[in-house]
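Kindly produce the complete structure, drawing on both the sequences and the hints.
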Amino acid sequence: MKCLLCNRPIYWQVPIAKLFLFGPLTPPRICERCRAKFQHYMGPFCPCCGRSSGNGLCAECRRWQDQYGWVLHNRCLYHYNQAMKEFMHRYKFVGDYRLRAVFHAEMQSFIDRQQYDYLVPIPVTQETMATRGFNQTAGLIDGYDGHLLLTRAVEKGVPQSAKSREQRLQTPQPFKLQPDVSLDHRRILLVDDIYTTGRTLYHAATLLKAAGAASVSSLTLSG
Amino acid sequence: MDTKLLAGRRQLVNRWGQDQAQPANVVVSPTMTVEKTQVHCLRCDQRTSRAQAMLPNDQYYCPKCLNLGRVSTLARFYHVPEPNQFYPPADVLAWQGHLSSLQTRVASEVKHSMANHEHRLLWAVTGAGKTEMIFPTVAQALQRKERVGIASPRVDVCLELYPRFTAAFRVPIALLHGRAKESYSYKQLTICTTHQLLRFYHAFDLLIVDEVDAFPYASNKALLYATKQALKPTGGLLLMTATPGKTLFEAVRRGHLQVSYLPLRYHGHLLPEIHCHLCWHWRAMLNKGRLPAHLLFWLKTRCRSQQRFLLFVPRISDLGPLKDILQRVLPHSVKFATVYSNDPDRLTKVQAMRDHQYLFLVTTTILERGVTFPGIDVGVLGADEPVFSSSALVQIAGRVGRSAKCPNGQVHFWINEYSRSIRQAQKEIRTMNIKGRRLLSEMSAL
Ligand SMILES: [Zn+2]
Ligand SMILES: [Zn+2]
Ligand SMILES: [Zn+2]
Chain D
150 MKCLLCNRPI
160 YWQVPIAKLF
170 LFGPLTPPRI
180 CERCRAKFQH
190 YMGPFCPCCG
200 RSSGNGLCAE
210 CRRWQDQYGW
220 VLHNRCLYHY
230 NQAMKEFMHR
240 YKFVGDYRLR
250 AVFHAEMQSF
260 IDRQQYDYLV
270 PIPVTQETMA
280 TRGFNQTAGL
290 IDGYDGHLLL
300 TRAVEKGVPQ
310 SAKSREQRLQ
320 TPQPFKLQPD
330 VSLDHRRILL
340 VDDIYTTGRT
350 LYHAATLLKA
360 AGAASVSSLT
370 LSG
Chain U
1343 MDTKLLAGRR
1353 QLVNRWGQDQ
1363 AQPANVVVSP
1373 TMTVEKTQVH
1383 CLRCDQRTSR
1393 AQAMLPNDQY
1403 YCPKCLNLGR
1413 VSTLARFYHV
1423 PEPNQFYPPA
1433 DVLAWQGHLS
1443 SLQTRVASEV
1453 KHSMANHEHR
1463 LLWAVTGAGK
1473 TEMIFPTVAQ
1483 ALQRKERVGI
1493 ASPRVDVCLE
1503 LYPRFTAAFR
1513 VPIALLHGRA
1523 KESYSYKQLT
1533 ICTTHQLLRF
1543 YHAFDLLIVD
1553 EVDAFPYASN
1563 KALLYATKQA
1573 LKPTGGLLLM
1583 TATPGKTLFE
1593 AVRRGHLQVS
1603 YLPLRYHGHL
1613 LPEIHCHLCW
1623 HWRAMLNKGR
1633 LPAHLLFWLK
1643 TRCRSQQRFL
1653 LFVPRISDLG
1663 PLKDILQRVL
1673 PHSVKFATVY
1683 SNDPDRLTKV
1693 QAMRDHQYLF
1703 LVTTTILERG
1713 VTFPGIDVGV
1723 LGADEPVFSS
1733 SALVQIAGRV
1743 GRSAKCPNGQ
1753 VHFWINEYSR
1763 SIRQAQKEIR
1773 TMNIKGRRLL
1783 SEMSAL
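Quick note, the sequences are listed as chains D and U, same order. The opening position of the first sequence corresponds to residue 150 in the working numbering, with each subsequent residue numbered one higher. The opening position of the second sequence corresponds to residue 1343 in the working numbering, with each subsequent residue numbered one higher.
Certain hints may be false.
Quick list of in silico lysine to any residue cross-link-like pairs, SDA-like style, CA-CA up to 20 angstroms [stated by the list, open to error]:
hint : chain 1 : residue 1 : chain 2 : residue 2
1    : U       : 1747      : U       : 1609
2    : U       : 1406      : D       : 319
3    : D       : 234       : U       : 1408
4    : D       : 151       : U       : 1388
5    : U       : 1406      : D       : 267
6    : U       : 1529      : U       : 1571
7    : U       : 1406      : D       : 243
8    : U       : 1406      : D       : 237
9    : U       : 1378      : U       : 1365
10   : D       : 358       : D       : 237
11   : U       : 1406      : D       : 239
12   : D       : 151       : U       : 1396
13   : U       : 1406      : D       : 313
14   : U       : 1523      : D       : 243
15   : U       : 1642      : U       : 1617
16   : D       : 151       : U       : 1642
17   : U       : 1630      : D       : 239
18   : D       : 151       : U       : 1576
19   : U       : 1453      : U       : 1576
20   : U       : 1406      : D       : 242
Source of the hints: derived by calculation from the structure; they are not laboratory data. Since the model is a prediction, treat every value here as computed from it, not as a measurement.
And the structure:
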């Protein structure tokens, strides 16, 4: 097996302890050296965006609190450092779909520990689907059941990734809820690749809450 | 869409939003074929298992040539056949240098061959001055309104060739490589990495590939595919190398390639031959703080006579122990340095060697092509290890005797055993020297 990121061979020995446990063994898809370049959020976290914060709600999230009267509960796994930037570039923009396997096991094991009724990865536009060929967020996790809940309108003008912070915050609602959907008392787990300003997730969460969702929480790979 | 940029190229265009009719001269073709268990990329010719190449919704992509922009079943190729609309000035060649009588002989052979669009190998020894020799050939093609490509597997070679061609020819030149900032432009003369050739399609009437053997195109199959794609079916192909290697030998033997030899260096001298010395377990000795007796003797004689040299070793981890020993056994007056490929002080150390501040360098890497030290000897410890390919060994040996002032010098290898690469390198050098001697006697008979 070769490392998906640097192409060096990976030497992996099944840990003895794991041999006696049931359940699938997932061999690593990247080497130790590449793995070490990614940095986990270790806490203390902001309870809302999931990024580091010394004293509770961070300044950004306090603004969301003021704007909506409620906040998301997001879990963010990794710092958006140089290694993560490069990873995202290769995965999303170069379009190397094989890289979805790199964080798959970790994302999935978090999801498996959550209580939810619908798992909803943030959708991509039809155009992205036709050019990139995949939804980068959906690729990070197993099959999901909420993919019919939301659709995303075609982006006009500058793509999200090329926007400044201010421009991002002013992005209008890009999502539409499928007609005749009732989410009464349903718990929703949203998934996205990167938490930048939170704008995208709040747009999605607003729609889902308006349709009656009991709770909306979220998971992002990085932020 | 600027169809001029598509001339002789294959551009990936997404199916999305391309429903309207194409301009009449654009040829549209598929990018991949999906086979039973694999997908086949029509740009790089490589196959990938369907599982590895899979996208959602029964689409596929090629993971093998991603750095040229992703090929996938979501896109198609747009191509415009090369129109050869060039208007070169009458005096296209600005270069006014002179070729030696030897160089002239080979240069006119090559020129004649390329006028007839043959496929030819120019096997010229290291330090033969082959770039100048192809100027007449390139000038001839430009005047005939042919599209000309000069390609090399190595970016540094392209970067070195570009200013020389810019000075030599009165036509604008496009320079293309992975690290280039400027985008592609349509020019009669293009200098690019062989990797970039995969973006062309039936573009060149004359394609010249320099340093065919060089890393990373060790596998010539990929290179030959790229050249075949980029060359017009009727085009002329000139492959240049100092170390042809097996695949090309085979092509010559079967008559697929014509061959021109330049067995003598520009100063008319033969290549230095390789002397091998067996010394078992040298690495174990090194780690115990000792050197093979012959190597020690070789080093000491050179230190005594102030003969400058380069000593190559296979691994970076060999540098440390070797340095410790050398500092112990050699007189303190002898100055030297160790260099490896990613050494942060690499450039300053090389410069210090050039400035005669060091008597010798110990190095793991073949220093850049342009780097020559006149009048040096060369030694390779562990030349039988796999990091030294036969072409690397020929290149290393070719560091010796480059200058007209000191055309002689010695090449010594210390090895555990003879490897295939060593035998191949010795054979290539011997072959060239036999031809060289014959040529020298012919010339003296004239
Ligand atoms: Zn790696
Ligand atoms: Zn926060
Ligand atoms: Zn390919």
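Okay, the hints, checked on the actual structure:
1. U:1747 x U:1609: 9 angstroms, holds
2. U:1406 x D:319: Violated: residue 1406 of chain U and residue 319 of chain D sit about 40 angstroms apart, past 20 angstroms.
3. D:234 x U:1408: 18 angstroms, holds
4. D:151 x U:1388: Holds. Residue 151 of chain D to residue 1388 of chain U sits at ~18 angstroms (cutoff 20 angstroms).
5. U:1406 x D:267: 37 angstroms, violated
6. U:1529 x U:1571: 18 angstroms, holds
7. U:1406 x D:243: 12 angstroms, holds
8. U:1406 x D:237: 19 angstroms, holds
9. U:1378 x U:1365: 35 angstroms, violated
10. D:358 x D:237: 30 angstroms, violated
11. U:1406 x D:239: 13 angstroms, holds
12. D:151 x U:1396: The given pair, whose Cα atoms are some 18 angstroms apart, holds under the 20 angstroms limit.
13. U:1406 x D:313: Answer violated: residue 1406 of chain U to residue 313 of chain D is near 34 angstroms, above 20 angstroms.
14. U:1523 x D:243: Measuring from Cα to Cα gives roughly 17 angstroms; hence the hint holds.
15. U:1642 x U:1617: Holds, at about 18 angstroms.
16. D:151 x U:1642: 45 angstroms, violated
17. U:1630 x D:239: With Cα atoms ~46 angstroms apart, residue 1630 of chain U and residue 239 of chain D exceed 20 angstroms; violated.
18. D:151 x U:1576: Status violated; Cα separation ~41 angstroms.
19. U:1453 x U:1576: 16 angstroms, holds
20. U:1406 x D:242: Cα-Cα ~16 angstroms, so holds.
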